[in-house]
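Chemist: Sequence order for the protein chains is A and B.
If you count by our numbering, then the first sequence holds residues 1 to 398, one letter each, in order.
If you count by our numbering, then the second sequence holds residues 1001 to 1507, one letter each, in order.
Careful: at least some of the hints might be erroneous.
Unchecked claim - Simulated DEER-style distance windows between Cβ atoms: (1) A:R207 to B:M1300: 49 to 59 Å; (2) A:L195 to B:V1083: 48 to 58 Å; (3) B:R1319 to A:R207: 31 to 41 Å; (4) A:F46 to B:L1098: 53 to 63 Å; (5) B:T1404 to A:Q322: 38 to 48 Å; (6) B:P1372 to A:S340: 23 to 33 Å; (7) B:W1377 to A:T31: 30 to 40 Å; (8) B:R1209 to A:F211: 41 to 51 Å; (9) A:T31 to B:R1319: 53 to 63 Å.
Note that these hints are calculated values from the structure, not bench results.
Glycine included, each C-beta is placed from N, C-alpha and C at the ideal position.
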Amino acid sequence: MADNSLTSNTMSFGQLLKKNVRSYSMFIMLTLIFVVFAVLTGGINFSPRNVSNIFMQNSYILILASGMVLVIIIGNIDLSVGSIAAFTGAIAAMVYNTGIGLIPTIIVTMMVGAVIGVWQGFWIAFMGVPSFIVTLSGMLLFRGLTYVITNVSPISLRDEGFSKITSGFLNSEALMAGDVSLLPWVVGAVLAVILVGMSIQAREKRRRKGFVIAPVSALILRNVFVVALIAILSWKFANFRGVPIVGVVLAIVVTILTFVTNRTVFGRYVYAVGGNKRSAKLSGINTELVEFFVFVVMGSLAGLAGLVFAGYMNSALPQAGQLFELDAIASVFIGGASMSGGIGTVIGAIVGGLVMGVINNGMSLMNIGADWQYVVKSLVLLLAVFYDIYTRRKAGLA
Amino acid sequence: MSNENILEVQHVTKEFPGVRALDDVSFQIRTGEIHGICGENGAGKSTLMGVISGVHPIGSYEGTVLVHGQEAHFRSVRDSEKVGLAIMHQELALSPYLSIYENMFLGHAKTTLGILDWDDLLEQSRGYLKRVGLTDPPETIVSKMGVGKQQLVEIARALSKQTKLLILDEPTASLNDEESEQLLDLIMELKNEGLTCILISHKLNEVLRVADRITVMRDGKSIRTYDAHTEDVTRSMLIKDMVGREMNALYPEKTPNIGDPVFEVKNWSVYHPEYHDKKVVDDASFFVRRGEILGFCGPMGAGRTELMMSIFGKSYGSRSEGTAYLHGEEIHFASPHDAIKKGVGYVSEDRKSLGLILIQDVKTNISNSSLPMLSRWGVVDDDREIQAAEHYRRSLNIKTPSITQLVRNLSGGNQQKVVLSRSLLAEPEIFIVDEPTRGIDVGAKYEIYTILNDLAAQGKSIVMITSELPEAIGMADRIYVMNEGKIKGVLDRGEATQEGIMHMALS
Ligand SMILES: Nc1ncnc2c1ncn2[C@@H]1O[C@H](COP(=O)(O)OP(=O)(O)OP(=O)(O)O)[C@@H](O)[C@H]1O
Ligand SMILES: [Mg+2]
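Chain A on its own, in the form it takes in the complex (with noise of 0.2 Å):
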């Protein structure tokens, strides 16, 4: 077998841009689409206010979507996250109005979104109906029980507190300098060497191990681009009144739900589900079980983005969250997950979601109202996914 196979054990620069296309197009589009942006805007895109602005404005569709694409890979669809949206917004509204403080409005709060998740849940993996159908249902349910809950009127919060979870900052009174706080920075730094770090152990790993490897042009390329993006977000959130609480939550979810994803074996299970649903079941895997989770985690993080978008508006509206699902599966598509199931990234999902975010906030600075930003939108997810399509049919792997 030796003589058929022409493997060196390190990649060429080529090999690995050909493997890694889609990703790399990915970044490079939005990084892309962000420059023009900035030509188009003359820099205001790129100020630091602005920078913040668009973590917060998106903050919730971002979290919708790092819980969509589980939702995706397995082959599903949740129309019902807006819904929840609005209504756990009410319910944390509500909760958070009795005074018992943030955090503990944030556990009930997704506590109440994982329950709706067990309830479509049940009904999607054990009773067999389509998601699809669930999820409409859902979609109509969850209006319907926001409209009784807040009698149709917005829903007022006691104090400034709860908004903080949205437009708050992190930051310290010692690490200021002038107007200029040091914390971003810090933690930029501490993020930076912590990031650097894993991907060199993680290459020596699979050198060890006689891996094929990337070389070592490409890992410092690699890390020169991530620690430039640090470097990037630092500068302006320190310009800007510090680190965006809404960020460091955002940072949080995607940390745990992308280590989910490739490490444990749940994360297997989901891929294994979506792969091939009658393979993973005579695997030994319980397909339902797997089904059942990835929808009570969709409905808690469906939870945290009610919430999150509540302290945005700073009241919790009983017409929250509409289109929202839209967006959070636009962001999947464009972030490269796969309509059949079984392929997709929470990286991804977010990558795409920010596209659509910096798209939609430039337009906005540049006065062009939402009805060219729905077009705009428009073509974007048709062509970013074409171009899926098209570069995974080359790939051989259509």
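Given chain A, work out where chain B with the ligands should sit, using these hints.
Modeler: Using the frame of chain A, we list chain B with the ligands on its own:
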């Protein structure tokens, strides 16, 4: 027989990332001959056929393909069909919910202004179906027929396209002996009517029986072409060319060490998944002992797969009746998950849709059943996972550039080895294997038999469903014979013969 070449392949080289699948291959097909192709799993047979038929388009390989003496520039399968080539793939490509005649004309029916005349097509289909000897009405939905008949439909489809050269990639892999005979007779008949045929098969006897010439491939090269009319070709010559060494026995030696019954099934009936009153398996009882290899024989549709899948955590049928005993105690398997946990393993005969996850890599496919064992606190331990996968890659000789290769890129036989590895890794006590050597080359078969024997020697019990009677006779300690959903009888190692088994099945 004219000596003009219908097809000529010159210096074809084809590479996939990390693999040279074809390495400077040259060979010719003469008009009107049946040309057999043999070679180990992953030797490049299917890839070569892909190059010839436009599955791999021009430009994706080096070298030239000449059809009727003219250089071919196929960009797709459609292009090759236009000059009279048709390929029947290793996996069937019929549309399951359409009828026979709809399938036959799908994609190449003549239309008037884009409108199909179904009645006319129905009429036309009868002629072709008669030629291939299929008596079912053309309106029959293909998924309701057995694999053997579906293959006849594919051939009828090829004939209806005015095919001159028919490529059959392992057509008999999922047929039993009788169906294989019929298919081979048909090919001979079509040859007399002027059709040229390429036949890829791991069943060397078949190739020797029908082929005019035989080409052996190894590691992407064409090793040698025999002319069956002028040379005295034998099985062992082919095997030697295929694997590069002599192979004396087909089945490894073993000294059975059989203990007490471990697993017993009594009065098991299984009902059809759609027609809830129809029994697919009727009142089956059997047992397997410690260290024993049990064979299950019978024609297609005898209900062997259905019986085993139903036992294996209700994976088939609307419901089942009967009782199962493990170590003398009554036991229920609520799901495959449950069955695996309690020590039963099952390897499906349908590796693509019930065995593998094609879009995942070799390593993941092997570890999927055993992740809890390979993890701590729910986190997968990659080191152990890789070790396990590498272990099976070596011991089953899975041909792949690395264990991170996607399974869909492996050759058919190597995919089969991956499915087997997955079940072996879960260390079942009762190991049910459904056609474990389907599409596997002689060398690898021997390896798999050795593994099954080793498991038996360790005190595991093996239930082997097989349609190859010699395999059952060579391997099994006892053979249950099934037909039409019933167990017709059981034969001991010494008393089993091919005739005996067939006779029992029909009794
Ligand atoms: N799309 C692909 N990408 C990468 N490698 C491939 C691809 N298709 C085939 N190969 C590799 O090419 C080699 C030849 O495969 P091929 O399917 O032609 O073998 P084969 O002789 O038909 O074997 P079998 O008897 O098992 O069907 C194998 O090593 C296989 O892994
Ligand atoms: Mg093949």
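Chemist: Should the hint that L195 (chain A) and V1083 (chain B) are 48 to 58 Å apart at their CB atoms be regarded as holding?
Modeler: The hinted range 48 to 58 Å holds for L195 (chain A) and V1083 (chain B), with Cβ atoms some 56 Å apart.
Chemist: So the hint says 49 to 59 Å: do the beta-carbon atoms of R207 (chain A) and M1300 (chain B) match that?
Modeler: holds (50 Å)
Chemist: Please test the hint of 30 to 40 Å on the beta carbon pair from W1377 (chain B) and T31 (chain A).
Modeler: holds (38 Å)
Chemist: Regarding R1319 (chain B) and R207 (chain A), is the given constraint of 31 to 41 Å on their beta-carbon distance met?
Modeler: Cβ of R1319 (chain B) to Cβ of R207 (chain A): about 54 Å, so the range 31 to 41 Å is violated.
Chemist: Does the Cβ pair P1372 (chain B), S340 (chain A) satisfy 23 to 33 Å?
Modeler: Once the Cβ atoms are compared, 27 Å apart, the range 23 to 33 Å for S340 (chain A) and P1372 (chain B) holds.
Chemist: Mind checking the hinted window 53 to 63 Å against the Cβ distance between F46 (chain A) and L1098 (chain B)?
Modeler: Holds, at about 57 Å.
Chemist: Given a hint of 41 to 51 Å, does the C-beta separation of R1209 (chain B) and F211 (chain A) actually sit inside it?
Modeler: holds (46 Å)
Chemist: Starting from the hint 38 to 48 Å, judge whether the C-beta atoms of T1404 (chain B) and Q322 (chain A) obey it.
Modeler: The hinted range 38 to 48 Å holds for T1404 (chain B) and Q322 (chain A), with Cβ atoms some 43 Å apart.
Chemist: Is it true that the C-beta distance of T31 (chain A) to R1319 (chain B) lies inside 53 to 63 Å, as the hint says?
Modeler: holds (58 Å)
In this structure, only the earlier hint numbered 3 is contradicted, and the remaining ones agree with it.
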